[in-house]
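All chains should be built: construct the whole structure from the sequences, respecting the hints.
So the chains spell out like this:
Protein chains: 2
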Amino acid sequence: MNVTGGKRGRITIHDVAAAAGVSISTASKALNETGRMSAETRERVKRIAGEVGFRPNALARGLLSKRSFTIGLLTNDTYGRFTLPVMAGISEALLDHGVSVFLCAIEDDPALGQIHVDAMLEKQVDGIIATGKRLDRQLPIDLSDLPVPVVYAFTEGTSTSVTFRSDDAQGARLAVEWLVKMGRRRIAHVTGPESFFSVRERADAYRDVIGGEGLVMFGHWAELWGHEAVADIWNKESERPDAIFCGNDQIARGVVDALRERGLRVPDDVSVVGFDNWEIVAGQTRPPLTSVDMELKELGRQAGLTVLALAEGRPVDPGVRKLPCRLVVRQSCGAQNPRR
Amino acid sequence: MNVTGGKRGRITIHDVAAAAGVSISTASKALNETGRMSAETRERVKRIAGEVGFRPNALARGLLSKRSFTIGLLTNDTYGRFTLPVMAGISEALLDHGVSVFLCAIEDDPALGQIHVDAMLEKQVDGIIATGKRLDRQLPIDLSDLPVPVVYAFTEGTSTSVTFRSDDAQGARLAVEWLVKMGRRRIAHVTGPESFFSVRERADAYRDVIGGEGLVMFGHWAELWGHEAVADIWNKESERPDAIFCGNDQIARGVVDALRERGLRVPDDVSVVGFDNWEIVAGQTRPPLTSVDMELKELGRQAGLTVLALAEGRPVDPGVRKLPCRLVVRQSCGAQNPRR
DNA sequence: CTGAAAGCGCTTACAG
DNA sequence: CTGAAAGCGCTTACAG
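Taken in order, these protein sequences are the chains called H and E.
The letter at position 54 of the first sequence is residue 54 when you use the UniProt record's numbering, and the numbering goes up by one with no holes.
The letter at position 247 of the second sequence is residue 247 when you use the UniProt record's numbering, and the numbering goes up by one with no holes.
Keep in mind that the hints were calculated from the coordinates and are not lab data.
Hints may contain errors.
Since the list gives no way to pick one copy over another, a pair counts as held whenever it fits inside one copy or between any two copies.
[Claimed, not checked] Here are the simulated EDC-like cross-link-like pairs (lysine to aspartate or glutamate), alpha carbons at most 20 Å apart as the crow flies:
{"no.": "1", "residue 1": "LYS133", "residue 2": "GLU201"}
{"no.": "2", "residue 1": "LYS133", "residue 2": "GLU279"}
{"no.": "3", "residue 1": "LYS236", "residue 2": "GLU261"}
{"no.": "4", "residue 1": "LYS66", "residue 2": "ASP15"}
{"no.": "5", "residue 1": "LYS66", "residue 2": "GLU122"}
{"no.": "6", "residue 1": "LYS29", "residue 2": "GLU43"}
Listed below in structure tokens is the structure:
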């Protein structure tokens, strides 16, 4: 015995029409609520279609309508950390419109990207969303001259396109202002590599809020760097911070662990804020991290609705749209509720 | 100014045929390497198709061939921890065959699942792969009577279907045998909830290898539980383990941190092994975790090739296929290389 | 060696 | 109120 696949004799609109004793055109119009016919006929056709389990063939439909109700999501974020929430937002927004999403992970391989783009175009996607893992890098493939609309989300787009990104400056401000509100006065900033645009943007916002140079330490996106930074700071003679704003949650976790290992209490002695609100890290840190959430799902939702608009020919203004971040308060700052 | 989308005047085979001065049939045959014609004609058509940037419409093709070169991946693993590697394997295996993948995250919502399945069937997917986050649970939707082949990966399937899963018993054996080989004699097992099939299977394999009851502690899948378990063990009078085999990497991370906080050295005093080889956890633990990898990418690859076979009508034996796990050695056990 | 015709499953003017 | 016909873009017997 073995399993068999294949699509043996699917039911078509022919079968429905025959069973209902009407022509194919009438059946089509009945099912699509178009044309005019007796309510009785319409109902009968619809009932029979339901009974025989009729499912319209989207390929045939798409051939006529020039719409496949399909879009492609291109990403070079293998890890899925940014792509997954974006994808969830896109999917949620487009499901109501009957649109399905092809996910294409292209790493940083231009050839792989080209293959995926070609495959999607042949499959007549209504549009493409390009997403990545940083705001100042393009995907390794040129999407600027495609026959379908392209929207960028969390990756650098072209000047004539629509690009959605998080407002990192506003997110950083949110974090630092919160620390200030918590009564912290000596706030340090431990972050990722200065080569990242978002790192510079967040650092600038940090300096802006504290109104001075502050203490900015550039490093890399890992827990280890959090440990090293804390060691550096506490091994110096200089005045110690009572709060540390970190460039991402992994660094923040390293910082929190390092502080605890030095016998310092978080948040009592030092408050810590992370960035990304990556549940797996922020939630498992002891104490759980207060962190800036980039609202990637909302970003995905808007990107999805935007490709859809473009695919339907509705006009959309090009440019970069910055979406506000949100501060998610947990225990690492010493307060439970941002509104309190 | 605004961005415009839409598919204005795509090039069809008509255009190619006209430009090459041949009929549509000849153009089609030239491009598909079928039929017979002068080499000169064939070359000319192909060259012109390339020049005008002709891309065959997969919708039209699919209508004829009953193959959409599209499959659906259904998952209830929102977090993507298991789905992402599986997806990567599927995608990699099917790309060569021109197959694209619809990703559908259905949470545990049957209604959402039904909507996605209906959408995929209308779009004439050639098959569906169902994937989840545990081996002993079905997706919240019945896939047993679909007009297309369904393959299960890392989720419970039906008796007549093909199901791919990791061999958790073998994986656990690998881990415990490795600890034994490292000279460890008092190996404990700290794991997840006993209600999970894979937890029981791993625990049984653990007992098997150590040849006795051992010390099995069921809990939950979090770092905190690792801390609690270590506290429990070390607060008792009984003999302390010199190795702990953990049910997943998060527990293992908690265990490692808890041991270090007690002044115990890992791996010198206690060796620790995790399960899942989740890079973000295993790699950031100090020291990095030796962990069991379930080879989910390979699992995805095989699942992908299997739906493809079924879609093409090739016979496949039903049943559960267990794929071997692999031990990834890092520093938490005291050795660098399993072959040494 | 090349092309006219039928048809995949549907929708949409158009005619009756 | 209902249906015959044309057509979306392609492929595939079949005829010449």
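* Which numbered hints are broken by the structure, listed smallest first? -> Every hint satisfied by this model.
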